[in-house]
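Chains as they are written, first to last, in this note's numbering: chain A, 13 to 217; chain B, 13 to 217.
You may find that some hints are simply not true.
Intra- or inter-copy, both count: the list cannot distinguish identical chains.
What the hints assert, rightly or not - Here are the simulated DSSO-like pairs of lysine-lysine, each with C-alpha atoms no more than 27 Å apart in a straight line:
no.: 1; residue 1: K217; residue 2: K187
no.: 2; residue 1: K216; residue 2: K140
no.: 3; residue 1: K187; residue 2: K132
no.: 4; residue 1: K67; residue 2: K156
no.: 5; residue 1: K79; residue 2: K140
no.: 6; residue 1: K145; residue 2: K67
no.: 7; residue 1: K86; residue 2: K187
no.: 8; residue 1: K65; residue 2: K217
no.: 9; residue 1: K37; residue 2: K209
None of these hints come from the bench; they were simulated from the model. The model shown is predicted, which means the values in this text are computed figures rather than measured ones.
2 protein chains.
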Amino acid sequence: MVKNKKDQTTEQAILDAAKKVFVSKGMAGARMQDIADEAGINKALLHYYFRNKEKLFEVIFMEAAEKLFPRINKIFDSDQPLFEKIESFCEEYIAVVMENPYLPLFVINEINQDPEYFLKKVWSGRSKPNPAKFLEQIEREVKKGNIKRINPLHLLMNLISMTIFPFVAKPMFQKNLGMSESQFRVIMEQRKREIPKFIIDAIKK
Amino acid sequence: MVKNKKDQTTEQAILDAAKKVFVSKGMAGARMQDIADEAGINKALLHYYFRNKEKLFEVIFMEAAEKLFPRINKIFDSDQPLFEKIESFCEEYIAVVMENPYLPLFVINEINQDPEYFLKKVWSGRSKPNPAKFLEQIEREVKKGNIKRINPLHLLMNLISMTIFPFVAKPMFQKNLGMSESQFRVIMEQRKREIPKFIIDAIKK
DNA sequence: ACTTTTGTTAACCATTTGGTTAAATCGTAT
DNA sequence: ATACGATTTAACCAAATGGTTAACAAAAGT
Chain A
13 MVKNKKDQTT EQAILDAAKK VFVSKGMAGA RMQDIADEAG INKALLHYYF
63 RNKEKLFEVI FMEAAEKLFP RINKIFDSDQ PLFEKIESFC EEYIAVVMEN
113 PYLPLFVINE INQDPEYFLK KVWSGRSKPN PAKFLEQIER EVKKGNIKRI
163 NPLHLLMNLI SMTIFPFVAK PMFQKNLGMS ESQFRVIMEQ RKREIPKFII
213 DAIKK
Chain B
13 MVKNKKDQTT EQAILDAAKK VFVSKGMAGA RMQDIADEAG INKALLHYYF
63 RNKEKLFEVI FMEAAEKLFP RINKIFDSDQ PLFEKIESFC EEYIAVVMEN
113 PYLPLFVINE INQDPEYFLK KVWSGRSKPN PAKFLEQIER EVKKGNIKRI
163 NPLHLLMNLI SMTIFPFVAK PMFQKNLGMS ESQFRVIMEQ RKREIPKFII
213 DAIKK
């Protein structure tokens, strides 16, 4: 009765395949048959490991969400000074997403599809981002006169937008600017330092 | 034989319904029946006006793309000085998108689904964005020493990201920051001026 | 050895879904 | 009126799709 010691290879093959298909086609566009084919197994075996499409999707989605959101928290909640925090965020977040460039669009998409489900499932526990501390920190720096007067909300939006959007619009940027895969990587690598520099230049007195 | 003078109300009702359903569910998630219901008509009538789902989708998608891309061009191609151009872009683009907040995600999504189709269908003619002029303008300002040394590509990405991303991640921002619909509108209204200010502060010497 | 549990498959089923057909209705020109 | 094209509908159809079943193979436990 080796219930726990599930066959690592088959289950993992399914998860890999499911991730690939779900992330590229979305929940609605993904076909169970495609996932089965991609995993090199029978369709019935899919339902043996994961009862139905919804359940399988949930696993993949949660995995993606858990990879994206807790990172934000840890950095935003840390005790670094503001400028360092901004640098950490860009550095670490771009690094994470560069390994899964399509995750942000996938997650954003499914959040749009059903914000309530998302709120309940993903943010019910530990991984709910809490930007309050970061926002207060900005406010404090403004009050102390260390940086220019700025609405913290806008600064937060600017930071997140500049960091994440290029991944969301990756194909658009690539097609429009004639950018190859490797060129895109180079640019994003640069942005780890360019974005903080840009922001700090914008707000320092 | 009033072939041209098609019944304005029915066709328009279909287009409105199709836009609503396609934009919220995407091509894959949209159901012809839903569109018919939303338009208050029979499903067969849908196929009478638009031969099939693909054709109907194409109309909606093109309409969306035409609303989003040519605007960018006109501004980027204009002869305004750099700072004014940045101001115009934020002002006009946010105004346009505020009336259709879900268009950017819709378009980005379908581009991701099939970048080649997009390239052919949408950018084959007039509406292909040509950022070259804008990029050169930035380069010139840098060379003239009017602004700080910056890779024009990053500046372009920053501008577009800060402008568009909040709409793409709208539900996320709203849920996470406890923002109401009207609050979101206020913030975006502010960003028309906050983004240019932010950018100019970042690059002016 | 043999029994039980776990993994895997082919065939099947029910529902959904895009699309068609043929008939009915409406508007308008003759 | 009536003939005729444009519009609209109910009923249908075939393919796709999520999911199930029953049988079979492979381990694991006894």
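Hint check:
1. When the C-alpha separation of K217 and K187 is checked against a cutoff of 27 Å, the pair qualifies neither within a copy, at 38 Å, nor between copies, at 33 Å.
2. Taking the shortest Cα distances, K216 and K140 never come within 27 Å of each other, neither inside one copy (30 Å) nor across copies (37 Å).
3. In this assembly of identical chains, the alpha carbons of K187 and K132 lie at most 27 Å apart only when taken from different copies (11 Å versus 37 Å within one copy).
4. Taking the shortest alpha-carbon separations for K67 and K156, neither the intra-copy value of 50 Å nor the inter-copy value of 59 Å comes in at or below 27 Å.
5. In the homo-oligomer, the alpha carbons of K79 and K140 lie at most 27 Å apart inside one protomer (12 Å), although the nearest pairing across protomers, at 35 Å, exceeds that limit.
6. In this homomeric assembly, K145 and K67 never come within 27 Å of each other (Cα to Cα): the closest approach is 35 Å inside a single copy and 49 Å across copies.
7. Taking the shortest alpha-carbon separations for K86 and K187, only the inter-copy value of 19 Å comes in at or below 27 Å, while the best intra-copy value is 34 Å.
8. For a Cα distance limit of 27 Å, the shortest separation of K65 from K217 qualifies neither inside one copy, at 54 Å, nor across copies, at 56 Å.
9. With identical chains, the CA atoms of K37 and K209 are never at most 27 Å apart, being 36 Å at best within one copy and 38 Å at best between copies.
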